[in-house]
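Below are the chains, spelled out letter by letter.
Protein chains: 2
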Amino acid sequence: MTRTPLRVIPLGGLGEIGRNMMLLEYGDDIIAIDVGLMFPEEEMLGVDLVIPDFTYLRDHPGKLRAVFLTHGHEDHVGALPYFLREFNAPIYSTRLTDGLVRVKLNEHRLLATAETNVVEPGELIQAGVFEVEFFTVAHSIPDACGLIIRTPLGLVVHTGDFKLDHTPVMDQHTDLIRLGQVGAEGCLLLLADSTYAEIDGYTPSEQLVGESIRNILVNTSGRVIIATFASLISRVQQIIDGAAFTGRKVFVTGRSMIDNVAMARQLGYLTAPEGLIVGVEEMRNTPPSKLVVITTGSQGEPTSALTRMANGDHRYITISRGDTVVLSATPIPGNEQAVFRNVDNLFRLGADVLYNRISNIHVRGHASREELKIIQGLLQPEYFVPIHGEYRHLVVHARLAESVGVPVGNAFVMTDGDVLEIDDEAAQLADRIPASYVYVDGLGIGDVDQHILRDRAHLSTDGVVVVIVAVDKQTGRLTRPAEVLSRGFVDVEEGSDILERAKQVVSRALEGAAHYAEFGDINGRIKDSLSKFLYDETRRRPMVLTVTVEV
Amino acid sequence: MTRTPLRVIPLGGLGEIGRNMMLLEYGDDIIAIDVGLMFPEEEMLGVDLVIPDFTYLRDHPGKLRAVFLTHGHEDHVGALPYFLREFNAPIYSTRLTDGLVRVKLNEHRLLATAETNVVEPGELIQAGVFEVEFFTVAHSIPDACGLIIRTPLGLVVHTGDFKLDHTPVMDQHTDLIRLGQVGAEGCLLLLADSTYAEIDGYTPSEQLVGESIRNILVNTSGRVIIATFASLISRVQQIIDGAAFTGRKVFVTGRSMIDNVAMARQLGYLTAPEGLIVGVEEMRNTPPSKLVVITTGSQGEPTSALTRMANGDHRYITISRGDTVVLSATPIPGNEQAVFRNVDNLFRLGADVLYNRISNIHVRGHASREELKIIQGLLQPEYFVPIHGEYRHLVVHARLAESVGVPVGNAFVMTDGDVLEIDDEAAQLADRIPASYVYVDGLGIGDVDQHILRDRAHLSTDGVVVVIVAVDKQTGRLTRPAEVLSRGFVDVEEGSDILERAKQVVSRALEGAAHYAEFGDINGRIKDSLSKFLYDETRRRPMVLTVTVEV
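Chains as they are written, first to last, in the working numbering: chain A, 57 to 607; chain B, 57 to 607.
Read the hints as simulated data drawn from the structure, not as lab findings.
Hints may contain errors.
Each pair may be met inside one copy or between any two copies, as identical chains are not told apart.
[Said to hold, decoys possible] Quick list of in silico lysine-lysine cross-link-like pairs, DSS-like style, CA-CA up to 27 angstroms:
hint: 1; residue 1: K305; residue 2: K119
hint: 2; residue 1: K559; residue 2: K583
hint: 3; residue 1: K588; residue 2: K559
hint: 4; residue 1: K529; residue 2: K559
hint: 5; residue 1: K529; residue 2: K346
hint: 6; residue 1: K429; residue 2: K559
hint: 7; residue 1: K305; residue 2: K346
Given only the sequences and the hints, what does the whole structure look like? Please build it.
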């Protein structure tokens, strides 16, 4: 009988636990599932990316046996370039995921040193005590997989991001049969996607979108421009199929869309009749009624092709009356304002715009509640950990699991850094490891902290006022009037009066200053009086910085 | 035959045209409909409020005859305190709206000079050439009204914010009969609420929510805490009714909820059995199963009562296992993150949380598409202007109107500041008036401009670096090493190396400086070299401020 526990540790995800990374540990062996990144939340001012905290792996060198990637989305693979600067372990993924990762590692000049491996679903990979098998799942990118992990204590299933889709576009079903086999053998622990654990019923099939797109292409007499995620290859295939069906040519624009289409065609994930996809010249010579444009920008990204079109400054495409723009995507929370600004601008330019609120032109890539119940029913796990969701999603998913058979008390709602220990008798949250947000800002990784973010928030609210005083080294008195400058506080022209009076406030603040007053004291006095004066005058609290120059 | 046109001018609303204010002008007479405010969008850093641009009224003194307020929500009455500092015209509204406005004006010490008038629906008010009649509409606040405005050119109908609700809680129906009469007489122009012009079908009745709340109170054994809008008096009444039905006491918390409940009870808009609403002491002595708490904070407002509960620092209410928290509201776009942070935190504290995605505990206050068609059918207006929506809502609403009978070309999608001129032959967008966003920041009204916001955005992204150099007045050379300080850029401890090297960069930049170099040139040199150095080192672009002190 073993007393070594299996340790399950979610990391990263900005509160969506385990979305970006998950560790499984047993004795001296650790495997990692996904190494993704998240885009910063609103209050993470100036931060470019957020990556998981690798401290635990850093503190336990030599234990990491392998990295397994469930699919090629940024929130599951995007932190690899940062990870591989420090760690070297074999990386396993299916073919398209591997293709996407290799493109990324090449950009970061890490391809030569990284060990990437393409695996097939069903293949077994040994990593320390763990034996890992990929199984296919339906999701919004081809080659998405979940993992079946054989551990000394039993079978663990990690769904990755998934939904059930009985009529998927690229024939990638969630492998229910394999899951049934695992259920028959006995599933110790299920880790399952909670993204849509709030949504009743079923997520509709991708086929629905294909039909909508074809209807639009049939019934629209002008040019049709369709924006979607560059990684949503199946959607691109549906658009190509619809174009072929209606005798339209396809023009592809937007850097990541162009790259992904090229890569997917090369790897055979995307097929198009000869001559269907055209370049700029042929696009220009094609009548609008015979044209479909596939573009990036469905999330309102500021420099994306669709945003350029909406702003009237795309290089090749000028929107005008008669155009129909289709947003084949749902705004990711946080992007709504940017997305709808594009919609408004496209309407203003005279286009007809079809978007999620008024058309069936997108379905989501995650399982809804009835699908989650089916997975529970197939696996009947002894323990359950909801993953890939914010705290409330995890809570409702845990309740769902308990309502369909997981023993009460055996569903664990975890937070990043929590350690669930399972041994052959029980499971419990037994430990915590470091799991901060690691901010990437420019070249800096992890150097931007709460202190810097607080300063940025302060600066963003009411700007900055800088005061420079020159004091006589001997007498400690001002040798000239203080200099005051500001940015983001008041209009420099209109506010010149208040800045003038601010100088007098500074002078008065120093009137009683002793000869040998310490600089800290001078700076403190200036700051206090000036902050108070500015607040009384404006009800604003700019950041006040004071510099004393001794002359 | 008159050639004087009727001029229709929407103002304010942050792109939701006419939401905050609407002007009607005929010859020498202007009337204003609503004087509301909007809360700033994300990129309006540090801005407290946004109010409509009053320039046109300022430029045409003596023309404003009256202000008509459709209902008491902030986005329709909130800018009155700013408006009344400059303009004096009689204000007309129904009783509850007047009560809310008077509370607000009293706070701003404007009550003595303002002329507010309570009107009844059906009453006629003459204002210059305009004759105005209020008619009741169903909306999420009692006493909401639309306006029927008799003009020299015909009848204009302004719906205000409305929906149809055939079983409203406080018996406030949208007055379909009166609208039918107007339709029979002939409606020249309809201005109608577009907020939910994207939503198919009907908005459900408030009654549905009443039933849900009662079910929750019946089926929950612990304490129930319900958060909703303080102005949603009918919802508060439903909670009180449910509490009475289930033998629970009611405790009210949150400043604006306490104030509104008191005001609504005083004016007779809210009724509660004697002794049902209790104070702190009695609340503490009431078992959880016999208690309902009504609170503010449904939008995740940082200092609201519910947010304090979620953060564990509310003065009277400590959330624990057994509590059920009900968010009886939908997050307004932009508030989602704050709302769901509260939900997550409440779950963490052990509460059960019911919110819009998983329960029927809120219905919206605006008409959906089928309701909008009914209004069109009753009025059959000659001209139509969709209002109270973003551009896309206006476009789809205009199309809806044309699809049910408004002559094609007679539906005008306007933007704030556009002037629609209607004479006895035709209508056209004929003019534009000033219609900027006017930002209120602290005591400043309109002084924060794009330039200041750009600086705040810059500061918020990468912080600020301040360089102070002292140069010899005679030689133009540095008299000492430059001083460099930063905020929001790099960690001051960890980044001390880069700030040290920055000083050397400054010194080198000035090496070739001529004796009589102008300060602008010195500052320019420093700024250029330092910005480049910092970007090369960090890939960040802090705002660089330089100050040269001559000694």
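Hint-by-hint comparison with the structure:
no. : hint        : result
1   : K305 / K119 : neither (53 angstroms within a copy, 59 angstroms between copies)
2   : K559 / K583 : both (12 angstroms within a copy, 24 angstroms between copies)
3   : K588 / K559 : within (13 angstroms within a copy, 32 angstroms between copies)
4   : K529 / K559 : both (20 angstroms within a copy, 22 angstroms between copies)
5   : K529 / K346 : neither (80 angstroms within a copy, 72 angstroms between copies)
6   : K429 / K559 : neither (69 angstroms within a copy, 63 angstroms between copies)
7   : K305 / K346 : within (6 angstroms within a copy, 68 angstroms between copies)
Figure legend: structure checked against the earlier numbered hints; hints not met, in rising order: 1, 5 and 6.
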